[in-house]
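**Student:** Protein chains in written order, with my numbering: chain A, 1 to 354; chain B, 1 to 354; chain C, 1 to 354; chain D, 1 to 354.
Don't take each hint at face value.
One copy or any two copies: either way a pair holds, since identical chains are not told apart in the list.
Using 20 Å as the maximum straight-line C-alpha spacing, the simulated DMTMM-like pairs for lysine to aspartate or glutamate come out as follows [unchecked claim]:
| # | residue 1 | residue 2 |
| --- | --- | --- |
| 1 | LYS255 | GLU95 |
| 2 | LYS130 | GLU114 |
| 3 | LYS6 | ASP79 |
| 4 | LYS45 | GLU291 |
| 5 | LYS202 | GLU291 |
| 6 | LYS351 | ASP3 |
| 7 | LYS202 | ASP26 |
| 8 | LYS69 | ASP283 |
| 9 | LYS74 | GLU270 |
| 10 | LYS284 | ASP115 |
| 11 | LYS170 | ASP228 |
| 12 | LYS351 | GLU127 |
| 13 | LYS264 | ASP115 |
| 14 | LYS74 | GLU253 |
| 15 | LYS170 | GLU318 |
| 16 | LYS130 | ASP192 |
| 17 | LYS284 | ASP116 |
| 18 | LYS225 | GLU114 |
| 19 | LYS170 | GLU321 |
To be clear, the hints were calculated from the coordinates, so they are not data collected in a lab.
4 protein chains.
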Amino acid sequence: MADRLKVGVLGATGLVGQRFIQLLHDHPWFQLEVISASAEKAGMKYSEATRWIWSTPLPSSVADMRLCKLSPEKFKGLDIVFSALPSQIAGGFEEKLAKMGLTVVSNASPMRLEDDIPLVNPEINPEHLKLLEVQRRTRGWKGVIVKNPNCTTAILTLSLKPLLDEFGLKRVRVATMQALSGAGYRGVYSMDIMDNIIPFIKNEEDKVRDETRKILGSLKGERVKWLDIGVSATCCRVPVLEGHLEAVFVELEEKPSDLSEVIKVLETFEGLPQKLKLPTAPDKPIIVRSEVDRPQPRLDRMAYRGMAVTVGRIRWDEATENGLKYLVLGSNTIRGAAGAAVLIAELMKAKGII
Amino acid sequence: MADRLKVGVLGATGLVGQRFIQLLHDHPWFQLEVISASAEKAGMKYSEATRWIWSTPLPSSVADMRLCKLSPEKFKGLDIVFSALPSQIAGGFEEKLAKMGLTVVSNASPMRLEDDIPLVNPEINPEHLKLLEVQRRTRGWKGVIVKNPNCTTAILTLSLKPLLDEFGLKRVRVATMQALSGAGYRGVYSMDIMDNIIPFIKNEEDKVRDETRKILGSLKGERVKWLDIGVSATCCRVPVLEGHLEAVFVELEEKPSDLSEVIKVLETFEGLPQKLKLPTAPDKPIIVRSEVDRPQPRLDRMAYRGMAVTVGRIRWDEATENGLKYLVLGSNTIRGAAGAAVLIAELMKAKGII
Amino acid sequence: MADRLKVGVLGATGLVGQRFIQLLHDHPWFQLEVISASAEKAGMKYSEATRWIWSTPLPSSVADMRLCKLSPEKFKGLDIVFSALPSQIAGGFEEKLAKMGLTVVSNASPMRLEDDIPLVNPEINPEHLKLLEVQRRTRGWKGVIVKNPNCTTAILTLSLKPLLDEFGLKRVRVATMQALSGAGYRGVYSMDIMDNIIPFIKNEEDKVRDETRKILGSLKGERVKWLDIGVSATCCRVPVLEGHLEAVFVELEEKPSDLSEVIKVLETFEGLPQKLKLPTAPDKPIIVRSEVDRPQPRLDRMAYRGMAVTVGRIRWDEATENGLKYLVLGSNTIRGAAGAAVLIAELMKAKGII
Amino acid sequence: MADRLKVGVLGATGLVGQRFIQLLHDHPWFQLEVISASAEKAGMKYSEATRWIWSTPLPSSVADMRLCKLSPEKFKGLDIVFSALPSQIAGGFEEKLAKMGLTVVSNASPMRLEDDIPLVNPEINPEHLKLLEVQRRTRGWKGVIVKNPNCTTAILTLSLKPLLDEFGLKRVRVATMQALSGAGYRGVYSMDIMDNIIPFIKNEEDKVRDETRKILGSLKGERVKWLDIGVSATCCRVPVLEGHLEAVFVELEEKPSDLSEVIKVLETFEGLPQKLKLPTAPDKPIIVRSEVDRPQPRLDRMAYRGMAVTVGRIRWDEATENGLKYLVLGSNTIRGAAGAAVLIAELMKAKGII
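Given these sequences and hints, build the entire structure.
**Tutor:** This is the structure we're talking about:
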């Protein structure tokens with residue numbers, strides 16, 4: 001206990017904030033010390049200020065913690081701050097904390113594409129954390145900022161990485177069916193989505209395109225050379241509470257000998273988090289289901305506590321020679337947000353960066 | 001009234017059968033004379049035997065009509081029989097009726113790909129009806145069988161046809177979000193689909209691939225030369241009552257000058273049903289919505305009484321040079337089933353084939 | 001056309017406002033002249049300012065009408081103003097219009113229980129309109145204010161009135177399952193209601209109790225003597241788009257001879273709107289369904305264009321001697337809001353009050 | 001391990017059967033030895049034969065167990081058999097097992113109301129187990145049959161018992177909003193329930209009335225004297241996956257001094273399972289929530305692993321003098337089915353009846 005790192009959460013009452021609470025309240029390496037929310041909730045108990053939305057109960061150890069407001073001095077003395085801030089206010093505040101010397105691991109979208117900001121999906125590109133040296137030097141900060149990817153991208157890239165390594169990638173097209181929780185608690189009115197689909201999510205398709213190329217890119221000197229492939233997305237909101245389902249069409253450089261080779265490559269994939277046996281790492285980052293009708297959001301979103309993605313229906317894409325198609329699903333608020341951030345922090349701790 | 005054609009409906013109590021009833025009970029050219037269902041319902045009143053599922057009331061003129069069983073003699077003397085039979089029993093019975101001299105317009109999937117069976121989406125390939133001469137000659141039937149396409153394909157091909165004509169098509173990928181009504185009244189258990197998506201619809205992806213190529217193909221001598229393009233689909237069932245939404249990625253032969261050219265080509269598209277002002281034809285077969293978040297199933301599925309498809313979010317597909325992406329939506333039970341069949345019959349009547 | 005009354009709508013872009021547009025855009029007696037919304041929408045075209053939510057298209061004659069802001073001078077010269085204002089702002093503004101001489105028929109809750117304000121469900125208590133003489137005299141207004149009931153109450157009281165007249169009422173208990181549209185477009189977040197029920201609707205239970213007793217009360221001199229019965233409600237929000245379903249338990253003064261007598265009393269009930277054949281009046285205000293599983297919101301909410309309520313499952317309530325139980329359903333935005341208001345105005349016109 | 005009782009499950013692949021698997025696969029007192037299903041699944045592995053529907057994964061220790069068919073010899077040597085058989089086949093088979101000497105704890109409805117069959121909700125009427133002596137004697141069986149209540153009744157009676165003991169009960173009316181899982185996996189078609197409610201559940205209202213009176217009744221000599229109160233229910237199916245919500249109106253013999261007294265009586269209620277600290281017993285059988293909008297199915301159904309019911313919105317019922325109204329919610333497949341049965345078996349073991 002004594003040597004656990006002290007951590008805080010920004011935006012602790014929102015849906016992703018609640019996931020941070022679930023992951024951190026009894027974390028073996030991290031001690032949750034500070035939780036913050038918007039000014040009007042400052043001073044309130046967490047249980048009073050939060051509309052807890054998940055079926056598992058609000059952790060009792062956090063229920064009586066008091067929320068503080070977003071002012072930098074509240075976070076002094078912490079080792080890590082996890083950010084679930086809305087994008088409009090995230091950028092400035094996270095920078096202040098980094099200047100103060102804190103390690104900020106952030107789910108907020110601003111800065112994700114900047115050259116010296118590591119955008120990390122822990123099983124895929126842990127080496128991008130080396131950018132932090134550049135970041136510190138260039139910006140003159142005592143602390144650092146690391147970003148986890150957009151939810152859709154986090155899930156997608158996990159399925160793409162083994163294919164890239166083994167067969168090479170040329171083009172990726174993806175049509176997404178994204179859960180309500182991805183829009184936040186107030187994000188989608190029921191009158192809009194009952195018996196309906198909304199085929200639009202603001203900025204999402206650009207994020208998928210750009211973040212995918214950066215995450216799958218390789219570190220060249222002091223920056224990441226984005227992967228030179230075409231990525232194109234169509235993003236839809238569907239009446240599902242949690243779990244993004246993505247229909248993926250990929251064109252490979254080389255054709256696999258058969259589909260069982262593809263399955264094997266995906267199933268056996270492991271990253272550094274698995275090798276290091278990080279506390280939040282799933283045993284296997286990718287589960288391949290052989291049933292004809294999987295993955296399904298309600299049944300598969302909590303695989304390995306929401307940290308694994310599930311792939312199914314791997315078939316040839318008849319439209320192209322080296323084409324492959326499949327579906328991939330993951331928990332957007334865990335694997336695609338808070339869980340990825342916590343896994344990044346564990347990775348940094350394990351590698352001695354924090 | 002006197003010279004209206006006498007028509008019957010096979011499978012009148014199912015969801016597509018109910019749509020036939022809605023379209024035919026007060027049709028200006030057709031007089032509904034015979035309705036049939038499975039043996040255990042024979043003799044019952046339509047209103048007693050049917051679990052009517054649509055919000056508009058069961059037409060009162062049909063409520064007291066008696067259902068007859070599936071025996072050929074019941075259909076003697078009719079001009080047209082519309083079939084909404086389940087695929088397992090459709091083939092044989094429809095052939096019997098055709099032998100007897102009836103014109104069968106069928107929504108059932110068997111035979112759709114056979115060389116002498118016209119598979120017709122009325123705005124797209126009315127000329128394929130010429131196959132009927134071959135069919136009559138080869139099979140020695142007095143009557144004929146015509147098929148309307150699978151629901152997903154009917155909607156998809158309507159959006160593809162103008163693009164094919166103007167820019168040429170190379171490849172089509174589509175991820176579908178299909179409504180519950182497409183599976184029939186008993187097709188999807190609520191325990192499977194609430195807060196969920198099922199990423200599998202039996203045989204659907206093959207139908208989309210093959211039927212699309214046949215419908216967009218051209219009549220060469222005595223058969224249709226299928227369009228030589230790659231078509232690849234991923235089909236999902238979503239918790240929406242009615243209206244299939246399809247995320248389409250197309251590679252064109254030639255790049256349009258700009259997106260407004262694409263919009264114009266789609267919006268101004270017309271087929272023979274529009275030129276002939278057929279009773280069931282939509283004023284415009286394709287509606288293009290300019291809002292960022294359309295088409296939506298609940299809001300757009302009943303456009304022009306369910307007979308038009310709605311296209312939205314037309315963008316370049318960044319993954320390829322001549323790539324385009326968009327969403328298209330249509331009523332699966334009207335445009336994608338009963339409505340297409342009735343429109344085929346109207347076309348045949350207008351052209352003197354019946 | 002020349003002698004149609006000029007009407008306006010307050011709060012025209014909300015869900016109930018949209019229903020007013022549907023009912024008034026082609027009304028035989030009323031000419032829609034002015035539509036208004038909140039200040040930031042003033043000057044915009046109706047089609048641009050409105051998130052149209054219903055499946056039937058936005059009426060084209062209204063699409064290009066400009067919204068005006070809520071200032072009294074905009075409504076000068078009108079005969080009737082229908083109000084779908086939010087309750088916080090309704091009271092003051094409606095009074096201003098009444099002072100100016102306008103007839104205000106309002107769906108907003110403030111003032112409903114005041115002694116000189118007629119709260120009218122047209123088939124039940126048209127005679128309460130006589131309170132308008134008192135209102136004019138007491139308040140010194142040139143115009144008047146009439147209120148239609150809360151949605152739940154409008155539907156409930158329609159089913160209670162024939163029972164009261166025939167058998168007498170002692171106590172009414174009701175558990176409601178209320179649709180999302182009753183809360184307005186932004187009223188219920190999808191994260192709250194998917195796979196869920198919210199057993200609370202602010203102030204609703206008090207409204208049902210008090211308004212029911214006032215509507216069923218009798219005019220004594222210059223005020224309404226509320227019906228002296230116990231009324232108790234539990235109100236829940238359910239994941240249904242439209243149509244309030246209510247499980248009713250009543251204790252009668254006298255026991256009906258059998259249930260068929262109850263059915264007859266309900267089915268044959270008629271009010272003044274039916275006798276006067278008012279344009280918006282349903283042929284029958286109460287439909288009794290004999291199927292074991294009706295009424296159902298999706299199938300029955302649009303009965304007689306949403307103006308009739310549907311009663312089903314009429315049984316004895318085994319808990320008491322003279323107990324009866326049944327379910328009643330109606331369109332909350334039509335019968336329970338805009339439709340009731342329009343019907344009141346038609347009644348006033350037919351009786352020469354306007 | 002050695003002295004754990006050997007148990008089996010009848011109907012192990014259905015929704016309630018799956019709950020039995022969840023509760024029994026790692027039970028401290030019971031060893032799961034035999035699982036059975038319908039003949040066509042006999043011999044299959046559990047994981048192959050089961051459409052697992054819950055979000056938590058199918059227990060790995062059961063995945064490879066083979067299903068056996070429903071023949072009595074398969075169950076020889078077991079101590080307890082839990083039955084989740086469909087009611088049409090339950091009666092006869094359960095009797096055979098009881099004759100053979102087995103203890104059958106059954107969720108199936110047949111026989112529940114017979115005089116010598118204990119119908120037990122463990123916190124309420126454990127003393128009814130004394131009927132087993134009568135049962136054995138009268139029927140001449142070596143084994144016994146015990147029944148747990150219908151799901152709705154199990155939840156309702158738990159909330160009624162403390163009120164009965166403290167204030168006396170006169171009448172109970174309840175309107176239920178019941179989850180899809182209560183109808184079984186194939187019980188409700190999605191086309192029927194999306195955007196809808198079905199206000200009918202076959203036989204349910206009679207079960208609630210009769211079982212409530214029997215469970216709350218008192219043992220007089222060799223039979224249970226049913227509680228002499230009026231009970232009346234209206235039962236509806238709502239689009240919620242799991243968790244029955246019930247709006248209850250009760251008339252008490254004596255009026256509580258205030259509502260806080262009612263809350264205290266409910267909150268402090270304990271039964272024998274709590275005193276004996278049975279493994280499956282919830283710490284508290286009744287949770288009272290003070291928020292205005294609880295209980296809610298999605299948030300409260302898993303309270304104490306689905307074994308507690310949650311009560312909220314306790315108010316006076318204004319329709320009567322001693323009236324009280326509130327909502328109660330519980331997991332229909334756990335507290336209302338498999339969990340109640342397992343708790344009964346634990347109680348019997350703890351009391352030395354098995």
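**Student:** A separate judgement is required for each hint: does it hold in the structure or not?
**Tutor:** Results for each hint:
1. LYS255 with GLU95: Answer is neither: 45 Å inside a copy and 44 Å across each miss the 20 Å cutoff.
2. LYS130 with GLU114: The answer is within: 14 Å in one copy meets 20 Å, while 61 Å across copies does not.
3. LYS6 with ASP79: within (5 Å within a copy, 53 Å between copies)
4. LYS45 with GLU291: For LYS45 and GLU291, the Cα distance is within 20 Å only across copies (15 Å; inside one copy 46 Å).
5. LYS202 with GLU291: Between copies only: 13 Å across, 33 Å inside.
6. LYS351 with ASP3: So LYS351 and ASP3 pass the 20 Å test inside one copy only (16 Å; across, 49 Å).
7. LYS202 with ASP26: Classified as neither; 35 Å inside a copy, 37 Å across copies.
8. LYS69 with ASP283: neither (37 Å within a copy, 36 Å between copies)
9. LYS74 with GLU270: neither (38 Å within a copy, 44 Å between copies)
10. LYS284 with ASP115: neither (30 Å within a copy, 49 Å between copies)
11. LYS170 with ASP228: Classified as within; 8 Å inside a copy, 23 Å across copies.
12. LYS351 with GLU127: Close inside one copy (11 Å), not across copies (62 Å); limit 20 Å.
13. LYS264 with ASP115: neither (34 Å within a copy, 41 Å between copies)
14. LYS74 with GLU253: neither (51 Å within a copy, 57 Å between copies)
15. LYS170 with GLU318: Both: 16 Å inside a copy, 12 Å across copies.
16. LYS130 with ASP192: Neither way: LYS130 and ASP192 sit 44 Å apart in one copy and 42 Å across, limit 20 Å.
17. LYS284 with ASP116: neither (30 Å within a copy, 52 Å between copies)
18. LYS225 with GLU114: within (12 Å within a copy, 52 Å between copies)
19. LYS170 with GLU321: both (12 Å within a copy, 13 Å between copies)
In summary, the structure is inconsistent with hints 1, 7, 8, 9, 10, 13, 14, 16 and 17 from the numbered list given earlier, while agreeing with the others.
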